[in-house]
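Peer 1: Here are the chains, one letter per residue:
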Amino acid sequence: SQQGEEDPQALSIQEGENATMNCSYKTSINNLQWYRQNSGRGLVHLILIRSNEREKHSGRLRVTLDTSKKSSSLLITASRAADTASYFCATEGAQAGTALIFGKGTTLSVSS
Amino acid sequence: GAVVSQHPSRVICKSGTSVKIECRSLDFQATTMFWYRQFPKQSLMLMATSNEGSKATYEQGVEKDKFLINHASLTLSTLTVTSAHPEDSSFYICSARGIDRAYEQYFGPGTRLTVT
Chain A
1 SQQGEEDPQA LSIQEGENAT MNCSYKTSIN NLQWYRQNSG RGLVHLILIR SNEREKHSGR
61 LRVTLDTSKK SSSLLITASR AADTASYFCA TEGAQAGTAL IFGKGTTLSV SS
Chain B
113 GAVVSQHPSR VICKSGTSVK IECRSLDFQA TTMFWYRQFP KQSLMLMATS NEGSKATYEQ
173 GVEKDKFLIN HASLTLSTLT VTSAHPEDSS FYICSARGID RAYEQYFGPG TRLTVT
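As they're listed, the protein sequences go chains A and B.
Reading the first sequence from the start, the letters are residues 1 to 112 in the working numbering.
Reading the second sequence from the start, the letters are residues 113 to 228 in the working numbering.
Below 20 Å or equal to it, Euclidean Cα-Cα: the simulated DMTMM-like pairs (lysine to aspartate or glutamate) are:
hint : chain 1 : residue 1 : chain 2 : residue 2
1    : A       : Lys-104   : A       : Asp-7
2    : A       : Lys-26    : B       : Glu-171
3    : A       : Lys-26    : A       : Glu-5
4    : A       : Lys-104   : A       : Glu-5
5    : B       : Lys-178   : B       : Asp-200
6    : B       : Lys-126   : B       : Glu-199
7    : B       : Lys-153   : A       : Glu-5
8    : A       : Lys-69    : A       : Glu-53
9    : A       : Lys-70    : A       : Asp-7
10   : B       : Lys-167   : B       : Asp-177
11   : A       : Lys-70    : A       : Glu-55
12   : A       : Lys-69    : A       : Glu-55
13   : A       : Lys-104   : B       : Glu-171
14   : B       : Lys-176   : B       : Glu-199
15   : A       : Lys-56    : B       : Glu-216
16   : B       : Lys-153   : A       : Asp-7
17   : B       : Lys-178   : B       : Glu-199
18   : B       : Lys-153   : A       : Asp-83
Think of the hints as simulated: they come from the structure by calculation, not from any bench.
Starting from the given sequences, assemble the full structure and let the hints guide the process.
Peer 2: Structure (structure tokens):
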């Protein structure tokens, strides 16, 4: 099962620009996580934001969470060609121990 | 972070044969393991959840007789794709979580299955 939608499905920008990806989900959550996946490779965990947090930063990444709207955004600042990848949000349900459920993902292409 | 391995990383098999994929937690005891499937250019879809020593719980639409999951120990879960067909070709990813890792979920690197 998939939790929700990500927007946009694909995003193309120039190096140095900021990239914003949005994620919506349907049910109550314990936390929301963002992952990156390079083509044909495994997942790389980027950041986790708990349901009682509204914003979190990690390097060039900024994540926001609005539980009232059941939505999150991932902002990558000063993007680099190496940021080219697919980005997925994943939610952990409110009940402890449940599996992460992934959104459909955003494919980001950063050109130099 | 915790390490989860998968073996093999790539496998090619003929239609009608079975293939087994192993998922191991290398430095923690995984009380729960999850199996996901990812088709090209799509997201990860949860297939099943397995708790050590119990039968796996399958997501709706996943055939339990075709995708056999065994979680016989706290460090190993296996997924066997039985009578594989070309439409089973996919990227299979496991993840594991354990008590001593604060129940965070750690992902393996994935197994690329190609059925010819």
